[in-house]
Amino acid sequence: MKKLTILTLMLLLSSVGGKSMAAEFADGPVIFGYGKHAPVQQDMKLEKGAVLKVVFDVSQAGKDGALNRSFDTVARFLNMHVANGVPAKDIHLAIVVHGSASNEMLNARAYNAKYDKENPNSELISKLLKNNVKFVLCGQSAAFNEITNQDMIEGVDMALSAMTAHAIFAAQGYSQNPF
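Just so we're aligned: 71 in numbering that gives the first Met the number 0 is position 72 of the sequence shown, and the numbers increase by one with no gaps anywhere.
A few of these clues could be false.
What the hints assert, rightly or not - Derived DSS-like pairs (lysine-lysine); straight-line CA-CA distance at most 25 Å: (1) 133 to 35; (2) 116 to 126; (3) 52 to 133; (4) 88 to 126; (5) 47 to 62; (6) 116 to 129; (7) 35 to 47; (8) 126 to 62.
Claimed, not checked - Simulated restraints on C-beta separations: (9) 147 to 28: 35 to 43 Å; (10) 143 to 28: 22 to 30 Å; (11) 145 to 46: 40 to 48 Å; (12) 22 to 176: 34 to 42 Å; (13) 41 to 160: 32 to 40 Å; (14) 156 to 22: 18 to 26 Å; (15) 139 to 83: 31 to 39 Å; (16) 23 to 166: 36 to 44 Å; (17) 129 to 178: 17 to 25 Å; (18) 47 to 169: 23 to 31 Å.
What the hints contain is simulated information worked out from the structure, not anything from laboratory work. Ideal placement from N, C-alpha and C gives every residue a C-beta, glycine not left out.
Assemble the whole structure, with the sequences as input and the hints as a guide.
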């Protein structure tokens, strides 16, 4: 009986007027269809005029050939900051790709030849590229995976290595996102 009362109380507390108290996640306002985020009551706020320069490291492929959640994280970063007043022109993002994620940089022809299906990441990568997100593929991972520059999605750049790309971005004032 005690368990039932606690469960009932929890259900009542999680619902107000028939509405769930769970956060409402939405996509946009920059990348639609990806990068869902929720409004948050903020105690730590960005200063007006803040410029964000952030590089993300992506080394793991999407699970079972699905969309790579790390690319969606970058869309979320862009969407939530623009939705909270940071102008898109003040957000500079880069993604350094290496390891098993390297093959996700393959263009339609090369991906289909390798996996006999469409690249599940190409639409999101295209949207991110159109919104000035830089993609850099590790040349060492590319060599290991036999990826040439002609095999890559247009707009993806090749670096000598992921380590080199991170060093260059750090010298340009980018911080590395730990997620």
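Each hint tested on the structure:
| no. | hint | verdict |
| --- | --- | --- |
| 1 | 133 to 35 | 20 Å, holds |
| 2 | 116 to 126 | 20 Å, holds |
| 3 | 52 to 133 | 11 Å, holds |
| 4 | 88 to 126 | 16 Å, holds |
| 5 | 47 to 62 | 38 Å, violated |
| 6 | 116 to 129 | 24 Å, holds |
| 7 | 35 to 47 | 24 Å, holds |
| 8 | 126 to 62 | 21 Å, holds |
| 9 | 147 to 28: 35 to 43 Å | 37 Å, holds |
| 10 | 143 to 28: 22 to 30 Å | 38 Å, violated |
| 11 | 145 to 46: 40 to 48 Å | 46 Å, holds |
| 12 | 22 to 176: 34 to 42 Å | 21 Å, violated |
| 13 | 41 to 160: 32 to 40 Å | 37 Å, holds |
| 14 | 156 to 22: 18 to 26 Å | 36 Å, violated |
| 15 | 139 to 83: 31 to 39 Å | 37 Å, holds |
| 16 | 23 to 166: 36 to 44 Å | 40 Å, holds |
| 17 | 129 to 178: 17 to 25 Å | 23 Å, holds |
| 18 | 47 to 169: 23 to 31 Å | 26 Å, holds |
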